Amino acid sequence: MTGDTKHLPLEDIHMAAGARFGAFAGWSMPLTYPAGVMKEHLHTRERAGLFDISHMKLFEVSGPEAVALLNRACPLDAGALEISQSKLSFFLNEAGGILDDLIVTRLGDIRFMVVANAGNAVADEKHLRALAADFDAKVEPLDRVFLAIQGPEAWAALSRAGIETGSLLFMHGVEPRKNWFMSRSGYTGEDGFEIGLPEADARDLVAKLLDDERVLWIGLAARDSLRLEAGLCLHGQDITPETDPASAALMWAIPKDIRASGAFIGADALRAAVERGPAQKRVGLKPEGRQPVRGGAALFDADGKPAGHVTSGGFGPSAGHPVAMGYVAAPLAKPGTRVFADVRGTKIPVDISSLPFTPHRYRKG
Amino acid sequence: MATTYFTSDHEWLRVEGGIATVGITDYAQEQLGDLVFVELPETGKKLTKGDTAVVVESVKAASDVYAPVDGEITEANGTLSSDPSLVNSAATGAGWLWKMKLADESQLAGLMDEAAYKAHIG
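If you're matching them up, the sequences are chains A and B in order.
Under full-length UniProt numbering, the first residue of the first sequence carries the number 1, and numbering increases by one thereafter.
Under full-length UniProt numbering, the first residue of the second sequence carries the number 1, and numbering increases by one thereafter.
Hints listed in this document are in silico derivations from the structure and should not be mistaken for laboratory results.
Since the structure is predicted, the reported quantities are computational estimates derived from the model, not experimental observations.
Yeah, the Cβ is synthetic: ideal placement off N, Cα and C, and Gly gets one too.
Check before you lean on any hint, since a few could be wrong.
What the hints assert, rightly or not - Over the 10 angstroms line for every Cβ pair with chain A, so calculated as not near, a few chain B residues: (1) P41; (2) K45; (3) V59; (4) K60; (5) T79; (6) E105; (7) A119.
As the list claims (entries may be wrong) - Once the Cα atoms are required to be at most 25 angstroms apart in a straight line, the calculated DSS-like pairs of lysine-lysine come out as: (8) A:K256 x A:K364; (9) A:K347 x B:K46; (10) B:K118 x A:K347.
To be verified - Take a look, some chain B residues computed to stay more than 10 angstroms from chain A by CB distance: (11) R14; (12) T25; (13) V36; (14) E42; (15) E75.
Whole structure, please, built from the sequences with the hints as guidance.
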């Protein structure tokens, strides 16, 4: 692993900030800073957290058939997106399984930005390039630093740093400067922004933001507890090539007419899965008491029969109790249903819970 | 007079009158990060060196704390049920984990003193 571990372009800044590093998706990433995961998490919900997410990959997809390429690659009506509108979508395999989840933003009539997960970036690029061979469209991976600033004071901190975000709404993205991409989006459930930009500009922006007492660096550990409280999926854990959008409770991301007649990869399998009804469904899980229930734990029903499994679990600093998500047999997937998680041989009562655990505070208009 | 010993697994033992009070070191709590739950052992449980005695859970992960020597649990630090963060704020004091009656005091000879432990963590 050490030989080909990738390093963030701003690694020196994280080191100077006292980050503790760990491996994630082939990258050496800041896990925590001296404040620690608990304070970092709460600071993001109360003020503004700055995240280096340069492990994620931005692709520009453009050309006369960019819409057709994206409509083939994703269960998406790319042509129906307004300019600057973003949408959560997926790459599916022929079986309807989720290869990756992505955010697609329309930048212009024939130009789109696709943001992919770190662990899948190489495979995503290969997949998209192979598909692009059949279309008059090109796929260009961008060399950018990618920052997220999240929390109720994120907009004000950006404004002080000279970046006005006023009219931008949740799930919209623009190009405010040359080679910049900024969207009002994130992975915390809070209002916030994700900004892809050249390294030199990023160093300048980071210095300005950190000069603001409202802004604190936030590591991957708090990024994970924030997204879990917000009920957001981590690809590779909560959604995988073995889960389809129906079982993952993500059909809301697929427009109705696309579900019915879209020609995206995996369409037939997904339609069949919807027709059958998923055997298991993704749900929120609230363990009773203080003991966290982690990903991988098996779930059982009241009679002790296997009922599913936990895919992500930990402690929710804002929720004030353990939080988890996982898959349970479809008949059990109702809020309030009690199941039991096996934690080192002890059965911990766990209630099916609606998601998110902490209310989303997106700026929708 | 109590004597304090350390293990290479970043535990400390304060031994007095055949009873060891056991906890994790400040270095260990820093590595683990903010603790949110401590799974405590039952009084009377007999442990062999290397057995899992306690599980400490941070926001992100669960970690085992092993019995550093053979013995029987005489007390667990019940305060940690309501305030696991004591292990972070006072790892070598109020954040102790359990007390055990030593089965074989000669096992202590294999442990480190404070100077050796400091050298161990560099």
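No chain A beta carbon within 10 angstroms of V59 (chain B)'s: V59 (chain B) not clear of chain A: closest Cβ-Cβ about 5 angstroms, inside 10 angstroms.
A cut-off of 10 angstroms on Cβ-Cβ distance, and T25 (chain B) was said to be off the interface with chain A. Does that hold? Its Cβ never comes within 10 angstroms of chain A, the nearest being 17 angstroms, so this holds.
Against chain A, does T79 (chain B) hold up as non-interface, every C-beta pair farther apart than 10 angstroms? holds, 13 angstroms
Does K45 (chain B) really sit off the interface, with its C-beta more than 10 angstroms from all C-beta atoms of chain A? It holds; K45 (chain B) is separated from chain A by about 14 angstroms at its closest Cβ, greater than 10 angstroms.
Beyond 10 angstroms from every Cβ of chain A: is that where the Cβ of R14 (chain B) lies? R14 (chain B) is indeed farther than 10 angstroms from all Cβ atoms of chain A, at 26 angstroms.
Checking a non-interface call: every C-beta of chain A should be farther than 10 angstroms from the C-beta of P41 (chain B). Is that right? holds, 12 angstroms
Once the closest CB in chain A is found, is it more than 10 angstroms from K60 (chain B)? The claim breaks: K60 (chain B) does not keep its Cβ more than 10 angstroms from every Cβ of chain A (closest is about 5 angstroms).
Exclusion check [E42 (chain B) not at the chain A interface, CB over 10 angstroms]: holds, 12 angstroms
Is it the case that A119 (chain B) keeps its Cβ farther than 10 angstroms from each residue Cβ in chain A? With a cut-off of 10 angstroms, A119 (chain B) remains clear of chain A, as the shortest Cβ separation is near 22 angstroms.
So E105 (chain B) supposedly isn't at the interface. Is its beta-carbon more than 10 angstroms from every beta-carbon in chain A? E105 (chain B) clear of chain A: closest Cβ-Cβ about 30 angstroms, beyond 10 angstroms.
Please confirm whether V36 (chain B) is truly not at the interface, meaning its C-beta sits more than 10 angstroms away from all C-beta atoms of chain A. V36 (chain B) is in fact no farther than 10 angstroms from some Cβ atom of chain A, at 4 angstroms.
Holds or violated: K347 (chain A) and K46 (chain B), Cα atoms, limit 25 angstroms. Judged against 25 angstroms, a Cα distance of about 23 angstroms means the pair holds.
In summary, the structure is inconsistent with hints 3, 4, 10 and 13 from the numbered list given earlier, while agreeing with the others.
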